[in-house]
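Q: Based on the hints, put chain Y in the right spot on chain L.
Each chain, letter by letter, is given below.
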Amino acid sequence: MADVLSPAARAQEPTEWYGRTLGATCKVFAFLSGITLVAMALMSLASIIGRSLFASAIIGDYELVEIASGMAVSLALPYTQWARSHVIVDFFTAKSSPNKVLVLDAIASALLAIVAFIFTWRITVGLLDLIGGWDASLMLNIPTWWGYAPMVPSFALLGLVALYTCVADIRRIKR
Amino acid sequence: MMGLTGIELGACMFAVLLVMLALRIHIGIAMLLTGSIGYTLVAGIDPLLNYFKGAAYARYSVYDLSVVPLFLLMGQFATHGGLSRSLFKAGNAMIGHWRGGMAMGAVGACAGFGAICGSSLATAATMGQVALPELKAHGYSERLSAAAIAAGGTLGILIPPSVPLVIYAIITEQNIAKMFLAAFVPGLLAAVGYMVVIGIVARISPQDAPAGKKFTVAQRLKALSETWPVILIFVTVIGGIYGGIFTPTEAASIGTLATGIVAWTSGGLKGQGFLDCMYGAAGATGMIFLILLGADILNVFLALTQVHTELATWVIGLALPPLAVLMVVILIYLVLGCIMDSLSMILLTIPIFFPIIMGIDLWGLSAEYKAIWFGILALMVVEVGLITPPVGMNVFIISAMAKNVQMKDIFKSILPFLLSDVVRIGLLIFFPSIALVALQIFG
Chain L
9 MADVLSPAAR AQEPTEWYGR TLGATCKVFA FLSGITLVAM ALMSLASIIG RSLFASAIIG
69 DYELVEIASG MAVSLALPYT QWARSHVIVD FFTAKSSPNK VLVLDAIASA LLAIVAFIFT
129 WRITVGLLDL IGGWDASLML NIPTWWGYAP MVPSFALLGL VALYTCVADI RRIKR
Chain Y
8 MMGLTGIELG ACMFAVLLVM LALRIHIGIA MLLTGSIGYT LVAGIDPLLN YFKGAAYARY
68 SVYDLSVVPL FLLMGQFATH GGLSRSLFKA GNAMIGHWRG GMAMGAVGAC AGFGAICGSS
128 LATAATMGQV ALPELKAHGY SERLSAAAIA AGGTLGILIP PSVPLVIYAI ITEQNIAKMF
188 LAAFVPGLLA AVGYMVVIGI VARISPQDAP AGKKFTVAQR LKALSETWPV ILIFVTVIGG
248 IYGGIFTPTE AASIGTLATG IVAWTSGGLK GQGFLDCMYG AAGATGMIFL ILLGADILNV
308 FLALTQVHTE LATWVIGLAL PPLAVLMVVI LIYLVLGCIM DSLSMILLTI PIFFPIIMGI
368 DLWGLSAEYK AIWFGILALM VVEVGLITPP VGMNVFIISA MAKNVQMKDI FKSILPFLLS
428 DVVRIGLLIF FPSIALVALQ IFG
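Which chain is which? The protein sequence lines are L and Y, in order.
Take 9 as the starting number for the first sequence in this note's numbering and just add one per residue.
Take 8 as the starting number for the second sequence in this note's numbering and just add one per residue.
Possibly wrong hints are sitting among the right ones.
Unchecked claim - In silico lysine to any residue, SDA-like type, Cα no more than 25 Å apart, as pairs: (1) Y:Lys-143 x Y:Val-412; (2) L:Lys-182 x Y:Ala-29; (3) Y:Lys-415 x L:Phe-100; (4) L:Lys-103 x Y:Asp-416; (5) Y:Lys-410 x Y:Thr-395; (6) Y:Lys-377 x Y:Asp-71; (7) L:Lys-103 x Y:Ala-407; (8) Y:Lys-410 x L:Ala-102; (9) L:Lys-108 x Y:Met-27.
No lab work stands behind these hints, which were simulated from the structure alone.
Next up, chain Y with everything else stripped away, as it sits in the complex:
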C-alpha cells in the first residue's frame, strides 16, 4: 500500500490517533477510527465491514472478561455498604495514637477497601468521604489528609482484585489467579511505603499530624471484628480463585452477591441506593468496554501490518542493554500517565511493548514469570499517573471534597508519596522476586 512499510504506516496512524485524542475524541472511538482507517488502507473496506458484524459480540461475550462488570458492580455495593467506615475505624483503633497514625490508618483502610474493590477512583472517593472529615476534626492538616487519601486510593487497583490486571492477563494470555497473587506483596509494600511517608512528614511537621487517643485492647478487637465482611469476601474471592475452587467469574459472582448482601443489611441499598449501584456499574462498564472494542479494532489493523512484530524484531536487533529498553518503556508510561487513564494506556501499549519485553533477557526470568512481573510493574507505573499533575484523577476527586485546600497544594503535599512510588518501582525493577515470591511459595 503506497509503498509504506508496516512500521511507517503504523507510525502514521499512531500520529493520527494522538491528534484525535488531543481533540477530545473518546479514547475508544479514537482507537476504533484509527484502526478502521488503517485497516481500510491496507485491506479495503469490505473485509472491515464484514469484521464489524461480529466484532462486538466476539469482544463482549467472553467468559474471562465477564469478571470485569462483576467486579465493577461489587465495587459499587462495597461503596454503598459502609465498609469503608468500619475499615477506617479499625485502622484508627490500631494505630491512631501514633504520630500521623490516623492518616496511616486511612491508608490501611484504603488497602483493605482495595481488597474488595478493583477501582482506584472508587477507593479514593469512598475513603475521602469517610476519612477526610474525621481527620480534620482531629486536627490533621487538610493538605496532608488529602494527599494521603489520594495516594492511598491507588491501592484500590494495586491490591487485587484489579480491573486493569484482569485486562492485562487476558490480552497477554496469562493466568488471572497468578497475576492477582503476584500483585499482593507489591500492593502491601505500597501501603507500607505510604505509611512511612506519613510517619516522616509527621516527624518533620508535627502540627500537621497530631497523635490521636489510644484505644483499649477490647476496643481494638471490637473495631477489628467489624471488618469481618471484608476479610471474608477477600479470602473467598482471592482464595477461591487461587485454590482452583472457582473460576474468576464464579469468584467474582460470589463476591458480588456477598458484598450486595452486606450493603443491603447495612441499609445502603434502600431506594435510590440500589439504583445508584446499577447506574454506577453500567457507567463504568460502558466506559471500559467501549475502549476494549476500539482497542480490538486497532489491534486487528496492527496485526495486519505486522507492525508490532517488526518493531519488536527491530528493537531486539539493536541489542541494547535490556535494562535500558525497560527504562525507556517505563519512562513512556510515566509521561503518558500524565495525560491518559491507566486502562487505555495498558490497552494501547501492551500489544506493542509486550513482544519487546518478552524478546529481551531480564534477570534470566522464565517467560511466564517475566510476563507476570512486567504486568505488575506496568500496573504500578500507570497508577502513578493517578496522582501526578496535570490530570491526576485521584487528586481531582479528593480536591472536590476537601474544599479548603487548593489543588496545587495537594499536588505539593503528594510529592513525598510520589517519591515512595518511585522507590518501590525501582525496587521492583531490580528485585522481581518482590512480585514473584508469592508465586514461588504458593505456586
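One chain only, chain L, in its complex shape:
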C-alpha cells in the first residue's frame, strides 16, 4: 500500500548529512525487516516439508515465527514515517493553507517522536527487568528479552525520524 501512496512526492530528498544518514538507516532497517520475513517464510516451508516427509516439524517453529514477526514489524516502523506513509485523516484540512498544514504535520511528528521515545524507554526497562529473570519460550528456551532487543533500536530510530520530519516541516513553513 505504502508504495502507491506516492510518499516520495511529499518527502524531499534531504541534503544535510544527518538527514541522509537517517534515511539510509531507515532503508537498512526496512530491508532487514523484509529479509526477516523471507527467512520466516523459509523456516515455515522447512517445517512443513519436515513434518510431511520426515514426520518431524522444526521444533519450536511457532516461537521462531513469533520472535521473527516482532522483529520484522518493529524494524519496519521507522521507514513508514520516513516515507510518510502513516495514515492520517486529511478531510478537514483539505482546504487549509500549506503553512497551516505544515504546522499541524510538525505537531503530529513531534507527538509521534514523544510516543516513540517513551516506548524506547519503557521497552528498555522491560528488557532490563527480563534479562535477570528466567522468562523464556517453552520449546527452545529462548529468553524472552531476545524478542525485546530489536524493538529498542527500532523505536529509537522511529523517534529520531519523527523529530527529523518535524524539523523538516517547520523549515518549509513560508514566512
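A: Then chain Y, alone, in the frame of chain L:
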C-alpha cells in the same frame, strides 16, 4: 473518577480522539494518546507505564498476526511479477469482444489479482498501470476505464486473502479460514456486479466502450494458461488454509515464496525491484502495526471503563428492531468511510459494535455465523469508502495515472458502481446465506 460513568468518560475521550484525527495526527498515535490519557485518568500513570513495557512485544510477536506482513510482502512480489498483465490479457481474450468487454476483463483481472493480494490500493495501482493505456488505445473513454478500475480495485480486499479480514478475525476471535471462505462468494458477486454495470453503461453510451476483436479458442486457451501461477498460488494458499494442511502463517509463507519466485523469474526483482518490494512491504507493515498498537492501548482503556459492555447493554436494553440497529451501524460506517481508511475504522469500531451485534437477534443466526457474516458485511461497507468522495483512495490513485480526466468526472462515472455496491450490501443484509453458503457446503 470525577463522578463520570464509564460511558460519559468514554464519550469525552472519543471526542478528544476525533479532534486529534481532524488535526492530522497519525491515526495510530491519536488512538494511543486517547487511550493513554483515559487510562491515566482512571487508573493513574504508573500502571500505564508498566503496561508500556511489554505492550509492543505483546502486540507484534503474535503468531496469528504474522500473516499480515507476509501477505503484504506477497502483494509486493505480485505487483512486481507482471501477474496483472497476464490476468488482464486473459480477461480480454475471453470477453474483450463484448460491448464493454475489455473493461469487464479488467474488472475480472482485478478479481484475479485480489486472489493473491490483500490490498485494494495495490490492486487498483497495478491494474491501472496495465489496463488504462490498453483501454485507451482501444477507444474506451478514460472516465469509464478509470471508474471501472478504481471500483475493481476494491476486489483486492473483498476477495481473500484480505488483510482487514485477518484483523477482524483476530480481534473477534474468529477462524481466519472460515472468514476467507465466507468472503469468497460475496467477492465474486461484487466482480459480477461491476461487470453488469459496465455492460449497462456500454449499452447506454456505446461510444464509451466499444467491442474489441474476437480471439480464437487457441488464443484464449493460451492467454488463460499464462495465468497458472495465480491459480496455483491461490489454490495452495486458500485451499491449504481451509483444508487444515497449513496454518494461515504457513500458507502465507508458501504464497510469499511462490510469488517471489514468479516475480524473480519474470525479471521483476532485478536490482531496484527487489529493494522496492522490501521498502513497500515495510512501509505498509509499519503503517498497519502502528495503528494496531494504538488500538490496543485504546482498547485497554475501554476495557477498564467497561464502556463497550455498558453501551451494548444499553442498546440491547432499548429493544429496538434488530435491523434498525444494524442499519445505524452500517450508516455510521458509510459516513466514517468517507474520511477514514478501512483498517482504522475496523479497529476503532469493532470493539464497540461487535458486542451490540452479538447481543441482538439477526435472522436467528448462530453466534459464529453471525460473527462471520457481520465481518463480511462490515468489510464490504468500509470498502465503499475507497471509491466515495471526498477521499476515495482508489480514485486518487487512478486519477494520478489517468491524466486527461478530472477527478470529479471519475467520481461521477463511479456512481453506477457505487449503486451496485449498495445493492450488494442490501442483498447481503437480507440474505446472509450469500456469505454463509460456502461454509454450509464445505463446513
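Q: A separate judgement is required for each hint: does it hold in the structure or not?
A: Evaluation of the provided hints:
1. For the hint pairing Lys-143 of chain Y with Val-412 of chain Y, the CA-to-CA distance comes to about 12 Å; that is within 25 Å, so the pair holds.
2. For the proposed pair Lys-182 of chain L and Ala-29 of chain Y, the alpha carbon gap of about 23 Å is at most 25 Å, so the pair holds.
3. At most 25 Å may separate the alpha-carbon atoms for a hinted pair to count; Lys-415 of chain Y and Phe-100 of chain L meet this at roughly 19 Å.
4. For the hint pairing Lys-103 of chain L with Asp-416 of chain Y, the CA-to-CA distance comes to about 20 Å; that is within 25 Å, so the pair holds.
5. For the hint pairing Lys-410 of chain Y with Thr-395 of chain Y, the CA-to-CA distance comes to about 20 Å; that is within 25 Å, so the pair holds.
6. For the given pair, Lys-377 of chain Y sits about 22 Å from Asp-71 of chain Y by alpha-carbon distance, which is consistent with the 25 Å threshold.
7. The straight-line distance between the Cα atoms of Lys-103 of chain L and Ala-407 of chain Y is roughly 19 Å, inside the 25 Å bound, and the hint therefore holds.
8. With a CA separation close to 21 Å, the supplied pair Lys-410 of chain Y and Ala-102 of chain L stays within the 25 Å bound.
9. Of the supplied pair hints, the one linking Lys-108 of chain L and Met-27 of chain Y holds, its CA atoms being roughly 15 Å apart against a limit of 25 Å.
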